[in-house]
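J.: In case you want the letters, here they are:
Protein chains: 2
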Amino acid sequence: MNYSSINFKEKLARFSEHWSPKIVAQMNDYHFKLAKFQGDFVWHRHADKDEVFIVLEGAMRIDFREGSVDMKEGEMFVVPKGVEHKPFAGRECKIMTVEPAGTINTGDTGGELTAEDNVWI
Amino acid sequence: MNYSSINFKEKLARFSEHWSPKIVAQMNDYHFKLAKFQGDFVWHRHADKDEVFIVLEGAMRIDFREGSVDMKEGEMFVVPKGVEHKPFAGRECKIMTVEPAGTINTGDTGGELTAEDNVWI
Chain A
473 MNYSSINFKE KLARFSEHWS PKIVAQMNDY HFKLAKFQGD FVWHRHADKD
523 EVFIVLEGAM RIDFREGSVD MKEGEMFVVP KGVEHKPFAG RECKIMTVEP
573 AGTINTGDTG GELTAEDNVW I
Chain B
473 MNYSSINFKE KLARFSEHWS PKIVAQMNDY HFKLAKFQGD FVWHRHADKD
523 EVFIVLEGAM RIDFREGSVD MKEGEMFVVP KGVEHKPFAG RECKIMTVEP
573 AGTINTGDTG GELTAEDNVW I
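Protein chains in written order, with the numbering used here: chain A, 473 to 593; chain B, 473 to 593.
Chain A with its partners taken away, still in its complex shape (with noise of 0.2 Å):
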């Protein structure tokens, strides 16, 4: 039997939407999601636990209450759990997380930004 891999350009084609990602894959009880960034999101935390960013292609920023650090495509962030963050992207930016199962994008914060849970693309 022959398996596939998951090509991360194939499935960012997929979608266009910004701040809605799309989970591509589980591994134990973490989710591996694609996303399209664009603007500002809203300031969040997740109480308990650290997410990862991973930019593919382009370039965005996370501003903390203090500082901020910017990425480019081949580089990667953990937000410490607790940690108040805002990411931005002056153009779309696609980016993947790796974060639990069941987090929400908005975390703690909530509104109209914040997405669906669990879709699989």
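Possibly wrong hints are sitting among the right ones.
What the hints assert, rightly or not - Straight-line distance between alpha carbons at most 30 Å, and here's what the computed DSSO-like set of lysine-lysine pairs gives:
1. B/Lys481 to A/Lys521
2. B/Lys521 to A/Lys566
3. A/Lys494 to B/Lys481
4. B/Lys481 to B/Lys544
5. B/Lys494 to A/Lys566
Unchecked claim - Computed from the model, here is a short list of chain B residues facing chain A with C-beta under 8 Å:
6. Ile478
7. Gln498
8. Asn500
Stated by the list, open to error - Just some of the chain A residues that point at chain B, by a computed CB distance under 8 Å:
9. Tyr475
10. Lys481
11. Ile495
12. Met499
13. Lys521
14. Asp522
15. Phe549
16. Val550
Hints are computed from structural coordinates only; laboratory data are not their basis.
Since the structure is predicted, the reported quantities are computational estimates derived from the model, not experimental observations.
Beta carbons are placed, not taken as given, at the ideal position from N, Cα and C, and that holds for glycine.
We have chain A already, so just place chain B on it with the hints.
T.: Here is chain B on its own, set in the frame of chain A:
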């Protein structure tokens, strides 16, 4: 304060040995590790842990007792817990794995390709 992202190319330039994963980040109780694969690894399995492979540069194959999966840059695969597998790369392939902290690269097989488990770069 300005934080620093983790740049995969920069980290990969810091070592040359094959089959020797280096930790670049921790997320909760998981490690993100970079490695360079070339040639045949050993058959092994991780009894109770799924393991993720992400190809950053080059191409590789994972053989199973029945079948295989081919992977190239920009692709990932989740090897399910308990499934025997053997990575192979005809030419040097640069990859990232994601797995629970403390995972041994040769699983329950051991042997001379077993890498030290807790090396950060």
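J.: Kindly indicate which numbered hints from before are broken by the structure, ordering the numbers from low to high.
T.: Going through the list in order, the structure violates hint 11 alone and respects the others.
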